[in-house]
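Asker: Sequence:
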Amino acid sequence: MFERALAEIRADDPEWHWDHLVALHQRPTPEVFETARALTHDSDPERRELGVRVLREVGRDDPAAAALRRDNAPVLRDLLEHEQDLTVLAWVVSAIGYNQVTEALPDLIRLAGHPDDAVRFHVAANLPVLADPDAPEDAAVAALELLTGDEDEDVRGYAIYGLVTELNVDRDRIAGTLARLLAHPDPDVRRLAAGEPS
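Per our numbering, residue 1 is the first one in the sequence shown, and the count goes up by one each step.
Everything labelled a hint here was simulated from the structure, so no lab data went into it. Just so you know, these numbers come straight off a predicted model, no measurement behind them. Hints are supplied without guarantee of correctness; some may be wrong.
Listed next, with one range per pair, are the computed distances between beta-carbon atoms [stated by the list, open to error]:
hint, residue 1, residue 2, range
1, Q100, D154, 48 to 54 Å
2, D116, E137, 19 to 25 Å
3, E31, D186, 22 to 28 Å
4, S43, R70, 39 to 45 Å
5, A64, D138, 33 to 39 Å
6, T35, A135, 35 to 41 Å
7, R70, D186, 30 to 36 Å
8, D152, L182, 17 to 23 Å
9, R10, P106, 29 to 35 Å
10, D172, E151, 25 to 31 Å
11, D78, D12, 21 to 27 Å
12, W18, D85, 18 to 24 Å
13, P63, R173, 33 to 39 Å
14, A135, P14, 36 to 42 Å
Glycine included, C-beta positions come from ideal geometry on N, C-alpha and C.
Turn these sequences into a full structure, and let the hints steer you where they fit.
Answerer: Encoded structure:
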């Protein structure tokens, strides 16, 4: 099943059905976790990507798999520090969020200015997951404010949504950023900044 899931990743076809990858997500057995973790050390970046993408979601909705998922944290944090392949790194950031590895929040904040669009996209999408929703850390808020001005519209959109909707940030604290966004020429940016559905 892992080999077939690898073929799905290598095809990278938007019309492809990710049947085998999804099937692995639905099998939170020790063997699946162990195989996925082993793949994260493979010399082939596509195999590392497969390992990370399995760890991202396997057992996510199964309370019985909680202990196995907790063991993903050190593996993902190590990858976050050492991974050189940008595609794999972007998936690592996503997996950090999906596994709610809150102790990795400072590491994600440091990636807010990363040159790769996909890495910044996953940072913008996952920072709000790791931050304290009721009292968000100053550095997390600052990173999202930075990303609200990103040149990539998807990065920008996720950052605005996270800052305005997902986190309980005092409006006075981000008044300058909100003023900039509410005056933006793009109506979608203005709607997001106003907290309105797009």
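Asker: Hints first: check each against the structure and report whether it holds.
Answerer: Tested hints:
1. Separated by about 22 Å at the C-beta atoms, Q100 and D154 break the suggested range of 48 to 54 Å.
2. Between D116 and E137 the beta carbons are some 24 Å apart, a value that agrees with the proposed interval 19 to 25 Å.
3. About 48 Å separates the C-beta atoms of E31 and D186, a value inconsistent with the hinted range of 22 to 28 Å.
4. Roughly 27 Å separates the CB atoms of S43 and R70, a value that falls outside the hinted 39 to 45 Å.
5. A hinted range of 33 to 39 Å for the beta carbons of A64 and D138 is consistent with their spacing of about 37 Å.
6. Under the hint 35 to 41 Å, the C-beta atoms of T35 and A135, about 39 Å apart, fit the expected range.
7. Distance hint check for R70 and D186: the Cβ-Cβ separation is about 41 Å, which falls outside the suggested range of 30 to 36 Å.
8. D152 and L182 have their C-beta atoms about 20 Å apart, which keeps the hinted 17 to 23 Å range intact.
9. About 34 Å separates the C-beta atoms of R10 and P106, a value consistent with the hinted range of 29 to 35 Å.
10. At roughly 28 Å, the beta-carbon separation of D172 and E151 lies within the given 25 to 31 Å, and the hint holds.
11. Take D78 and D12: their Cβ atoms lie about 25 Å apart, and the range 21 to 27 Å holds.
12. Our hint of 18 to 24 Å for W18 and D85 holds, since their Cβ atoms are close to 20 Å apart.
13. Against the hinted window of 33 to 39 Å, the Cβ-Cβ separation of P63 and R173 comes to about 36 Å, which satisfies the hint.
14. A135 and P14 have their C-beta atoms about 40 Å apart, which keeps the hinted 36 to 42 Å range intact.
In this structure, the hints that do not hold are numbers 1, 3, 4 and 7, in rising order.
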